[in-house]
Amino acid sequence: MIPAMIKDIYDKQMIELKKLWANKRQLTYQVLNLAMIVFSALMIWKGLMFITKSESPVVVVLSGSMEPAFQRGDILFLDNSNPHVKVGDVVVFKIKDRDIPIVHRILKLHEKPDGSYDLLTKGDNNRVDDRGLYAPGQLWLSRDDILGQARGTLRYVGMVTIALNDYPVLKYVLVGMMGLFVLTSKEG
Amino acid sequence: MHTVWVRLNAVTFYALSVLLGLSVLAAISKIGHSSRNAPVVTKLELNTLRSLKAHGGVDRALLSFDLHADLRPAFHWNIKQIFLTVVATYETKRNPVNQVVLWDKIVEAVDGPDKMVFKEDNIYCKYALIDQRGGGLRGKEVTLSLVWDHMPLTGLLHMDKSVYNSTFTLPDSYAVKRQ
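Just so you know, the protein sequences line up as chains Y and Z, in that order.
When we follow this note's numbering, the leftmost residue of the first sequence carries the number 75, and every step to the right adds one.
When we follow this note's numbering, the leftmost residue of the second sequence carries the number 1136, and every step to the right adds one.
Chain Z on its own, in the form it takes in the complex (with noise of 0.2 Å):
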């Protein structure tokens, strides 16, 4: 049977298999390579504790950090862009672990190697630190860290953390600190 049908069909459905066949092969040529080349940090720190308010009934804690990091070395011919996060860790008599978010940013690939070096003080936190209800914000050890996600164009995505990260502690009152 050699009908236009079944040459269609041949057709798709092998190019469907090559398709596939060269994803799997993109995403297991950059296997581990995301462990051995990690983007270096060189300085995550509390810059300054803008304020730390009880707001509703919840303790928040605004504040702007210093962020030194070299991304270059994470990207490959497979990743797409990396999504890098600031993340604060601390605990509570209510909760055993908190993780928060303080602020995100994307770096595509595309964008250039310019992009990929940060160097910023001063950055101020894109979403608040906010506990929940119960716990309290007030004293406790604080740990920045930077987490970055690697996003391939095909294939597994990959999550790291860095080995560096500092601590700071809040106050124990409810401060705001005038510009």
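Excised from the complex, chain Y in its bound form (with noise of 0.2 Å):
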């Protein structure tokens, strides 16, 4: 039943393109389409990027280490903006040469008085502080390690990103099946 219905819509795709094919204005006027949408996504995130002056405005959170405030899935929007930071500010932050980002909380702060900051962190739900995360030799995080404040949340949202991660193949059906409908898809 299910292979048939793929089949089926395979069928149809294909007959579609074909159809596209022929015809280059329409053709043309498609692919122009998806690149529209394409860009629009792309400039909202660059948007995103300036205003929050960060380097990833949104993140997903992966690890349970911030429950029961943080799921894994939540998504949180982050904000870099405000170069000054507090004890208790849930941030967002890479270890250097790592690539992973860390949602967790300022505990302890020393502010020197050139106005730069030695921080530690730990997760809500940790036992202990990040000391053990941070580079060997490192006891404290900067600043620069920060990609941001956490602002605000959307529950749930950032389960698709997850699974996109765990199951790399799911990326290339997921754009492949929304670039192949758009460039499909016949507006009225």
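In short, the hints are calculated from the structure, not lab data.
Check the hints yourself; a few may be wrong.
[As the list claims (entries may be wrong)] Ranges of calculated distance between the beta carbons of each label pair, as one might list FRET restraints: (1) Z/Ala-1150 with Y/Leu-122: 16 to 26 Å; (2) Y/Pro-242 with Z/Tyr-1259: 41 to 51 Å; (3) Y/Gly-138 with Z/Asp-1205: 28 to 38 Å; (4) Z/Thr-1177 with Y/Val-249: 49 to 59 Å; (5) Z/Asn-1144 with Y/Ala-109: 15 to 25 Å; (6) Y/Asp-153 with Z/Leu-1160: 19 to 29 Å.
[Said to hold, decoys possible] According to the in silico footprint, chain Y covers these stretches of chain Z (three or more CB under 8 Å from chain Y): (7) 1222–1232; (8) 1235–1248.
Computed from a prediction, not measured in an experiment: that's the story for all the values here.
In this text, a Cβ means the ideal position worked out from N, Cα and C, and glycines have one as well.
Since each chain comes alone in its own frame, lean on the hints to assemble the complex.
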């Protein structure tokens, strides 16, 4: 039943694509349509990066170290425009040379005369502070390690990203389907 | 085109848009609530300074405090939990600003109003008051304040602190209080 349905959809799409290829003007129109969507999304993302001064204005919570407040799969909106952080802030930081951003809370803050900070973080749900996570020999984080303060949250939406990460093939399937869709759908 | 695929696509994206709209509404509905309804703090004071020692090159103080606070006004339907912290602030020659969390607690909305009223004395600090190397805690004036973070189900996080805070001064020499 399902394979027959998929074959049916596949056949229909192939027919649409063949029709498209025959009509170059229509094809150009559809490709431009697709490009508009992609570039609009990119503009929104870059715009957010600019306003929040953060390299990653939206992050997905990956671990349970901040439960029960943030669960795996929640998304967080970050704001990096404030150079001053304070104790108790929920911040997202990256340890140098590591890829994974971590969402934890600032436990200790020492501000130096020159305005720079030494910060220690800890996850709400963890028993110990994050010193064990930092690079060997690193005792404190600095303001540069922080990608932004968490300002708002949306539940569950990040599950999609986690699924895409755990099963990378889904990424290609999803993008492929969406691309096909935009290319072959006709507006009115 | 009315294939299954088109319908599925339409339904999914409409559902997502509705979800987004509702979340935004939920967030907007409680703007300003947190600044108007703050927890009421009636007492936050040092109870006993247990010890002030030099420990591995840095000064460390262990203490206990009293906390009387009523958190109930701060809760509303969009609050999942309040993260409560007792923060000690002090100044040293080396660092103009030092903020250290001594104690924190998660108070969830599902716990019920009984858990939201605090009247505890002699709460031992969860995290020691440790200064950085080269600073020094002896003789310093420390301010204790209550800082809370409203963590919503959906929407904006909001942190606030109590106007009520208390100060105490650490002794000029290292000491251990023998019970």
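Exercise for review: Against the earlier hints, flag every one the structure doesn't satisfy and list their numbers going up.
Suggested key: none
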